[in-house]
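> Listed in order, the protein sequences are those of chains A, B and C.
Numbering-wise (our numbering), the first sequence opens with residue 9 and increments by one.
Numbering-wise (our numbering), the second sequence opens with residue 76 and increments by one.
Numbering-wise (our numbering), the third sequence opens with residue 106 and increments by one.
By construction, these hints were calculated from the structure, which means they are not laboratory data.
Cβ atoms here follow ideal geometry from the backbone N, Cα and C, with glycine treated the same way.
Treat the hints with care, since some could be wrong.
The calculated label-pair distances, taken between Cβ atoms and stated as ranges, are [stated by the list, open to error]:
1. A:GLN19 x C:ALA239: 31 to 41 Å
2. A:PHE198 x B:LEU90: 14 to 24 Å
3. B:THR126 x A:VAL137: 31 to 41 Å
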Amino acid sequence: MLMEGFATAAQPIYLLYALFGVFIGTAVGVLPGIGPAMTVALLMPITYSLEPTAAMIVFAGIYYGGMYGGSTTSILLNTPGESASIVTALEGNKMAKAGRGAAALATAAIGSFVAGTIATVLLTFLAPVIVDFAINLGPVDFVALMVVAFLTIGALLGSSVLRGMASLALGLFIGLIGVDDTTAQQRYTFGFAGFTDGIDVVLVAVGLFAVGEALYVAARMRKGPIEVMGMGTSSGNSAKWMTKDDWKRSWKPWLRGTFIGFPIGTVPAGGADVSTFLSYAAERKLAKGENKKQFGRGAIEGVAGPEAANNAAAAGVLVPLLTLGIPTTATAAMMLTAFQRYQIQPGPLLMETNGALVWALIASLYIGNLMLLVLNLPLVGLWVKILQIPRPYLYAGILVFGALGAYSLNFALMDVGILLVIGVLGFFMRQYGYPVAPMVVAMILGPMFEVQLRRGLQISQNDVSALVSTPFTWVVYGALVLMFAASFFIKRAQKKMEALPVESIAEEAK
Amino acid sequence: MQATQKNLGEVLFALVFVVLGVAGVIFAGTIEVPDLEFGMGPRAFPYIVSTLLLVLGAGLVYQALRGRLGAAEDGEDIDADASTDWLTIGKLAFFVIIHIVLIEPAGWPVAAAALFIGAAWALGAKPFWRSVLIGIVLALVLQYLFGGLLGVSLPRGPLLEGVEFLNG
Amino acid sequence: MSNMEPSGGTVVLGYVPTALGEAALEAAITECRRRGSRLLVINSTRADRTVDPNYAFTDDVELLHATLGESGIEHEVRQFTSTMLASDDVIAAAEETGAELIVIGVRKRSPVGKMLMGSDSQRILLQADCNVLAVKA
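Throw the hints in and build the complete structure from the sequences for me.
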């Protein structure tokens, strides 16, 4: 099956699509304020004219490329105060400052490649097994899985549980607008013809990510310059590639990061954030002697591990998406939307009904990873150039793209108006610290959840206890409790650690 | 002064969730239920979601009143200490509305160029003619890519009436 | 400014931390020696982009000061975030000090590139009241 996928994905035209995807993905990963979720949402119009395989290959490339691009920015840009939020920046920044930026970028890129490839192998072998199992799951089992998804995404994303859950509930609410799938009754449409089909999730995603971000940046644009480090701008720092010692110190963190990141990616435990932190903590603990002392001053393990974990988690996210049809991140939600545009319903049956597409997609992940490795290091100069785009043009361009995406949905002016309203909403959410991703995921998951819930209760004839009647549901809800206990401790440790670098930055300033 | 103002904004925003929740509960009662329906019906989930919104919103209002405020989002382009520049936001929103108004009478490329030029100006682009040039080129390229090549039916508008390859 | 005795005239240098900027710096130092005037180095950014390669950071500034120190000429370095274009900052400084000469580095550009990018150096050449020395790297 995978071989057939390769046969498809290796056709020159698909290689071009993959190249386009990883290129755009890396570029948006490098640019501040733009992420892969927004890019996939903005490029949704291509689903009108490209066939599904081509579109999904582009989107998968954007998804992986975004991961690579993000690390470039966090290693090379000296943005004090913010470095705490991205683990890679902790050590990567210091390495770049010490003139070892090239080595930091290299270990990040190679680590991402190693982890991405291993994780894709895991995905290749795990997916069919999970599908075999998932095909026997009933509605109540799916209800249990989605409850886990809701609670973890709402509660673990962002810093405040209440705000995350409120964002999630808002997404559920907007998802209700329109015609009820089961009974064809209108809900919350208030007689508006434009509301009958519901509010498109693409509109919400573009509004929150693109317009909301543009408004937010407009409101509080950074006025001071940011330093690019380790590129040897004038003083001619010769870029030092990874030494033998760097390789020796990197390969174990790469592997450890992979096996920390992948499982975390598969469960909706707050996404890549948690995996990078765990990997970083593990590397710091495991380092010995001289290497241990380097932590906080540019230890290569602290870049290699988290970057690997990051990419492995990205592949892990695809497991529930492709086998269960459950998206756990905003980007995955957008990819699921793309499937729906082609009338393809992701779920346990996806591999059976659209096997060729899924395997071509997975094959293109291997290819995309290789492309990213080859592209990334030689093109670092270009990526840094991208950061020189003046912000007025950048964000004005994002607005134009957003408006295009909104208008091309139905060619209705009202959609562009709704886009603006949601953009303003997104602005306030950012302003007051509400995470926006749960809202997007909830909009996708909500209707699916309701259908399964009603189906489950119909089968049991309104007996609510049916929701916890199968062994699978016991396992899932049990795991949920454990996960929350674990995440509580992780979050506490993370907060503690994030407080550290801020102090060390303050020390330097003295 | 600054602190109480932010406080007030946050209370008001949390109240939006409460209001939505209340409205959701009220209007959930107006959803028609077919006679044949057994099981949960179309009303139950709206009730659940609206109640959830109401409860969470109330919790957030309480938190905000107690002074436990959210942390504004960070970013490479964000100055965390800057105060909100409402004027620029207003200008951007204004140009989006201009864009909406222009699409049908003037065509998508004109509307898009207007949005770009206006937004770039609002965000402080200099010199002005460069935004104009970039805006026009960008609008035409997008019209060609999406309208001409991908077949998305963007209206060309009267200005570009005869230009076939831009046809949406 | 106050610590500088205006012994002669002033030469204003529009400085960027690149090879071209270094060449312009060398030329400006030579000019100052010849004229016996002081050197005012301007390096500003509008901070309208995430990364501005024309703004000098720690390492570059150290190098700049080292070179100026060695040269032994009277000098001042002004670095700031501005709302104006870099060319306007240079011209404003030249007007303020009544400069006798502005020194800038000029890249070779294709006609198309010139049209798209505009040019700070072009603007200085056209708008300055004093002589302008355009240094080619």
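> Are any of the numbered hints broken by this structure? If so, which, sorted upward?
1
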